[in-house]
Structure formats: C-alpha cells, structure tokens
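Asker: Here is how the chains run, residue by residue.
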Amino acid sequence: MDGAALLLLAKELRSNPAIGEEGVIAAEFRHNEPLLEVRPQLIRAVLADLRERGFRFLASVHGVDYYPEEPRLGVHYQLIDMVRRERVGVKVRLPVANPTLPSVTLQWPTANHQEREVYDMFGVVFEGHPDLRRILMPEEYEGHPQRRDFPVGGEPVIFTFNDTPELGTPE
Amino acid sequence: MASENPNREETFTFAPIAEQLEDWGGARESEELLTLNFGPHHPATHGVLRLVVTLQGEVVVSVKPLIGYVHTGIEKTAEQKSYWKAIPVVERMDYLSYFFNAMAFCGAVEKLLELEVPKRAQYLRVIHLELNRLMSHLVWLGTSALDLGAISIFWYCFRERESILDLFEFSTGQRMHTRYIQVGGVIEDIPRGFDKKLRKFLKEMPSRADQYAELLSANEIVLRRLRGTCPLDANRLLELGVTGPLLRAAGVPWDLRKAMPYSSYDDFDFKIPVGTVGDNYDRYAVRHAELYESVKIIEQALEGLPEGPHITTDRKVALPPRHELATSMEALIHHFKLVTEGFRVPEGEAYFAIESPRGELGCFVRSDGSSKPARVHMRDPSFVNLQALSDMVKGSYIADMIAAVAMLDPVLGGIDR
Amino acid sequence: MEIEPQGLRITRSSARQMLRGIPVEGPTPGAHPDEEGRLPAHLRTKQPLEGEALERYVEERVLTTTLKKAVAWARGNSFFPATFGLACCAIEMMSVVAARVDVARFGFEAFRASPRQADLIILSGRVSIKMAPIIRRIYDQMLEPKWAISMGACCSSMGVFNNYALVPADHFLPIDVHVPGCPPRPEALMHGILRLRDMVLENPPPGWRERYGAVGTEELLDDDQAKETPSIEVFRGGL
Chain A
25 MDGAALLLLA KELRSNPAIG EEGVIAAEFR HNEPLLEVRP QLIRAVLADL RERGFRFLAS
85 VHGVDYYPEE PRLGVHYQLI DMVRRERVGV KVRLPVANPT LPSVTLQWPT ANHQEREVYD
145 MFGVVFEGHP DLRRILMPEE YEGHPQRRDF PVGGEPVIFT FNDTPELGTP E
Chain B
1079 MASENPNREE TFTFAPIAEQ LEDWGGARES EELLTLNFGP HHPATHGVLR LVVTLQGEVV
1139 VSVKPLIGYV HTGIEKTAEQ KSYWKAIPVV ERMDYLSYFF NAMAFCGAVE KLLELEVPKR
1199 AQYLRVIHLE LNRLMSHLVW LGTSALDLGA ISIFWYCFRE RESILDLFEF STGQRMHTRY
1259 IQVGGVIEDI PRGFDKKLRK FLKEMPSRAD QYAELLSANE IVLRRLRGTC PLDANRLLEL
1319 GVTGPLLRAA GVPWDLRKAM PYSSYDDFDF KIPVGTVGDN YDRYAVRHAE LYESVKIIEQ
1379 ALEGLPEGPH ITTDRKVALP PRHELATSME ALIHHFKLVT EGFRVPEGEA YFAIESPRGE
1439 LGCFVRSDGS SKPARVHMRD PSFVNLQALS DMVKGSYIAD MIAAVAMLDP VLGGIDR
Chain C
7 MEIEPQGLRI TRSSARQMLR GIPVEGPTPG AHPDEEGRLP AHLRTKQPLE GEALERYVEE
67 RVLTTTLKKA VAWARGNSFF PATFGLACCA IEMMSVVAAR VDVARFGFEA FRASPRQADL
127 IILSGRVSIK MAPIIRRIYD QMLEPKWAIS MGACCSSMGV FNNYALVPAD HFLPIDVHVP
187 GCPPRPEALM HGILRLRDMV LENPPPGWRE RYGAVGTEEL LDDDQAKETP SIEVFRGGL
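Residue numbers (our numbering), protein chains in the order written: chain A, 25 to 195; chain B, 1079 to 1495; chain C, 7 to 245.
Accuracy of the hints is not assured; some may be wrong.
Unchecked claim - So the derived label-pair ranges between C-beta atoms look like this:
(1) R1237(B) <-> D26(A): 21 to 27 Å
(2) K1163(B) <-> P186(C): 46 to 52 Å
(3) S1285(B) <-> S120(C): 56 to 62 Å
(4) E36(A) <-> D1344(B): 26 to 32 Å
(5) T71(C) <-> P1269(B): 49 to 55 Å
(6) G113(C) <-> Y165(A): 25 to 31 Å
(7) E1192(B) <-> N186(A): 52 to 58 Å
(8) E1282(B) <-> D108(C): 17 to 23 Å
(9) A116(C) <-> A1312(B): 54 to 60 Å
Unchecked claim - With the Cβ distance kept under 7 Å, some of the chain B side facing chain A (calculated, not the full set):
(10) W1233
(11) E1282
(12) D1288
(13) A1291
(14) G1319
(15) I1350
(16) P1351
(17) V1352
(18) V1373
(19) K1374
(20) F1442
(21) G1447
(22) S1449
(23) K1450
(24) H1455
The hints are simulated quantities; they were obtained by calculation from the structure and are not laboratory data. Glycine is no exception: its CB is placed at the ideal position from the N, C-alpha and C atoms.
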C-alpha cells in the first residue's frame, strides 16, 4: 500500500456514514508505514468497514504511551489483506484520565488476549470485553508497568562499597 | 478405530463421546465436572504454562490458559537501552528463535531509518534464520515426541541441534542468543571454513529428517494419537489470528516469506508445505516438511552468496572497520558517537513482520528522535496462537489435549515476554 | 565400620589367570571364622604380621570408611533433579541431558517430575514475581536433604533484565551453587553440578536451615493464625 492508496482509503472511510468526516483524524504514510488515526468511539465501525474492503485478518493489537504528549495513550491495530497482500494500521489516541475504548473482541476474537495485555500494561479499559483481567502481571498487582512514568524497578547493582551481607549467606 | 494389522488382536474400541456421557447415568453437561489445575510446574506443558481444565471424566469441557509466569518486562527494559544494546534484550523473548527476534527488531529500525541492507548481509541473515528455523523445529520435534512417549527422538533431535549450535558458535561465537543480526546487516562476516562445515551439515540433514519420518510418520501410536485429534477449521483459525504452521496445517497457504518477502527471500525457490484437515497430524507433518524446505533455502543462499559488505556502509549507523580508525578522523568520531550514545533514529512508528517458526512475528518500534526506542512491542505468534487452544481441545480427551499443546508449539518466553 | 573381606582371596596372579579364563585352584568362597575364631587358611597370612606390616597389609586389602562418608558419597552421586525449566536456560539444561554433555554418566539423568521425589532443583531461567511463590512452594515440598542450583544470570542476579518483573532467586531460596552465563554452556552447568557434588561429598549439614544460618526462623502458627495466613509467602534473605 503506498501513500496515494492510503489517502484514497481514508477518503472512502470518511464517506461511510457510520464514520463520517470527523471519524478519520489523519492518514500518515511515513517510512513506508500506512497508519490511519481514527476517533476512539468509532473503532468498531472502522474495523468493520476495513473488513468489508478485504482486510479480514487482525494481526496485532498493541498499546503505546506517548508521554508527555496528550492524549497520552494509544492503541494500534494492524490489519492484513491476505488476498491483495497488503497491510494497514489503525491507531486511536486516548487521554490517560479516561482511557476507555470499545472492545472489538466480539467481531475479532483474536483481540481477546491482546486487549487484556493492553489493559494490564497501560490501563486502557475496553468496554464490552468478555473477561478483562490482568494477563501477565499477578491479578492483584497495582499499577500499569508499561506506562512511561512507571519506574523500571530492579535491584541495585552490588559493588564492594555497598555490599552488605544479609541473612541467608552461608556461615 | 480398530487396527488394520490383521495379526493384532482386536483392540478396544471406545464408544463415541456423546454415548459415553449417556452411560454416566445420564450425566449432562454441567454435572460431575472436575476442575483440574495443570500447574505452571508440569512436565508436559512446554514451559510455565498454567491450564485450568474442566473435565467430565476424561473429556475436556473447557480449558483456560493462565500465563504471565515468566513475564520479564523485556519491552520496558528495551526502552532503557540504546538501539544497539536493545538487540540482546529483545532476542531473549522467544528463546528458541532468537535470530528471528533480532531480525524483526532490526527490520523495524531499518524501516524507520530507511536504511538499505547490503545483499550479502541479507543472504547471511537468511542462512542463519533458516538454520534457526531448523533448530527450533528440531527442539519442537524432540520435546513433542517426548510428550507422546517416543523418548529416543529427543536424543536424535538434540544431536542435530548440537551440530547447528556448533555452526552458530563458529560464525557468531555463541550458541544461543547470538546478537548476530544487527541494524544494517550482520555483525561479522562468516569465517573461513564455515561454508564447508555448513555444506557437510546440509548433506546429512535430509537423511536425518528421513530417519525421524521413518520412526514417527507411520508409527501406529503416533497415528492413533495425532490423526483426527483436535482439528480446527481454517475460518476459525483466521478469526483467532493464528498464523504459521498451525494455519498452514488447516490448508491456508499463508507464509510471509512468500506473501510479503523480506531480506531477499524472493530470490530463493522453495515450497510451503500445507496440510489438509488441520488436525494434530497435519501440524506435525507440516513442520516436518519445513525441515527439508529450510535445507533447500540454505543451500541456495550458500550457492548464490554475493560479495560485498556484511553490514551497511553508513557510518552513522554501523561501526567503521577497525583499520580505518587509525587513518580517518571521521571514522574515529563516528565510532565514538556510536559507542557512547548510539545512533539516533528519526521520529516515527514502524511495524515489521517476519515468518518465525511459530507464525507471524511482528515488531513495532516507536521512535521519538533520540537514541533509545520509545516503545518496542513484539507481536509474538505463540501469544496469539494460544487463544486457539480452547477451541482445539473442547470435547477431546486429556491425552489429546497434551498432544494439542505439543503441536501448538508454545514458547512461553514469547508468550509472556 | 570395618568391612571384612569375604570370598575368594584374589591375588594379582590369580586375577590374571581368571581373566584369561584359566580356572584358579583354591578354596571355595566363604571366609567365616572357624570354631577357634581363626580365618580360613587362604585368608591367613603365612606368618602373623605386626605393626607397620599389618597396617600396610590391611590398607591394601580393606576399604575402610565411615558411614557418613559412604552416605555422602551415595548422596552426591545420585542427585535426582526436579524438572524445572523456566526459560532459555531450560533448553541448555535439556542439552545437558542430551548426548553430547551426558549427565547420565554421573548418575543424574533421573529427572523427577514430582518435587517429593527430587532432591535437586535447578532453577533454569528467569524468575518472575508471579512464579516466585510457586517455586518456593515446590522447594518446600521437597524432602531434606535438598540442594538448589541457580542456573544462569537471570536467577543468580537479575541478569540482563534489571526491572520490576524479576526476583533474584537468593531472595526466596537458599541457593547452593550459582552458575553464571546467559545461557551457561552445558559444560558450565555440568561444572556447577560437579562443584555441588564436591560440596555434598564433604558432608555439609543436610538441613538447609543449618547450612544457611536460618535455624530458629521456622514459622509456627497456631490454629487461628493458620486459618488467616496465606500459605505462600515470598521471603527475603533466605529465611
């Protein structure tokens, strides 16, 4: 898919009454990567429209933290048209104060675990998800680790000057 | 399912499952259910996979996979390192296909840099990627056969794996997690004697694959356990986002090496094995046939290996050769900047997908213009393929579920990252 | 405990004859003292030996050991590792079992799936915070004497990933041998296992609390407390 085809696709999406002119915010084609930015509440309509145009395979749903730009959280969807062998990406931007997004799991069952991972790592709440709980971190963990303001954590590296023997070393 | 061998005695034939449920004093769907925990520590789950299985007798009613027991926060760690230093970190995700992890990451970064990789580097990458595919399939075959009870295959497959790891050690210095694939090419050219050793290995690999086929493909127990068990049709697999040998076993000939070629894969002539029914036996057969195809690709790449640099000559991205540092001031400055800070990548987002032994391995990299990535995400094939497990095993026996998990080829490092 | 030699007296020449298949003349096997408390003729020396000669005679023919040493020898040469592969190091652990670096020649090939039957836990791979309580529980289920090897950089220290998701194994398990590497070569793991064997042959205290100075840290709960306390806790500092 090249830049012209992407612009054409954006225009056709805008002409869909369910999406409308305001639905598609931007169509970027930088570094050979086609990316459409759409309004969060219309994501189901956009994906359904793309499915009718042939993009029937949802390859990936992943989250991004655009700290410090607002709206801070982003969710990306990567679609593949297996017949024409093309890819297209769709992204939405969400404010961190109210990160809710309609879930696409019912129409695209592959998004089940992937949306749970975005919830776990970024805190995006997917409305309508059948089973939204943490998937990688323990269930009672607090915080969303992949956000850019979450500390990396870890142990301090022990050198000789800060080496304090603790309980448990053999006598 | 009586045996066709006339010399055997009549074997026990199980009634169809619905009839068996009737025999249970009319036990219906929600009665007499047992919930069993296949804990994270279990000899048959490939890694720390936890399955909560609801059983009715021996029949699986539902299965719920619980993951996260080896979650390492690799994506967060990669944000703290420069692009060069993030490669070893990202490599350790799917720990059986480490070249593929590095390739996906480097491909995404090269897409952002709009960097062209020299032809020789592309061919060298292909050689090592296909060797890694061979190695991953061998480990899969060894451990799956171990699950089914064919224990000797484990030793035979690991014998071949040692040969491949010797080749990796020869060319890269490390057996696993080799950091060989770098942004712009590969870190080093292959040493003298590598192609001779590789040719010797390639000559004997097909006969070894024949040995595995002889032992397994027509074996009565393998046929009983794999043929006809846990089938899943192509439509459901596409809905669930499954790619790789699982999808090809169901009859869909989708392979990113042919569909969206990268790194000169369109220069090579190879076939994609495709199954028909989509049951466990087809999944085994597809991966076994891929062994031969990988050997073919490596042979062609070795024959046609072009001359040229093994990494891009763009000094802003790749280190200059050592001898230049003594004569050229610019080379010294480039070397200094690259080693201390690393190269900067222009702002943007890129998604680059390749065909790993388990399916589509995509890497999403977001760059904010600095020398460290702002977001690295791996779309791991095992993570998405795992969603197919519950559909696959509904209504089959526990033993079939074990075989299905084995044929699914989950690698928990990739699932949990 | 002295082990008496019993059976046919074998000298070098008779051994050579036996190896060549030539039947050896001699009394029938059995070396029971007769009624007067004397050993059979073939076991007696020609003249009674005294002092140093006697010492040397006994040393050449009798293997003496203590029960402790014999038990330590048996323990050290037959570890039953628990199958505990977590991540990449697990693949190298499988290589140790495979044919090139064969762990079976040392007697350790019997990997047990159940922790109750195992006495060595090889933590191979990165330990995440979700997995740590489970590993501790499995370690507690193993019977004394038990040993732990931390294989690889990720569980010995934090390894390549120094972040929120990992726990170094020292924080919740008493580890006897740390094997560095990412992943360690199978030969390196073998070296680590053999170092553990050397350690066991020297007869350390078999209970881990004695070895690591944690006696007195056992948790004893009365019934009410036991009902409320969760059964798994992650400990710090090897307690």
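Asker: Give me the numbers of the hints this structure contradicts, sorted from smallest to largest.
Answerer: Going through the list in order, the structure violates hints 1, 2, 3, 6, 7, 9, 10, 11, 12, 13, 15, 16, 17, 18, 19, 21, 22 and 23 and respects the others.
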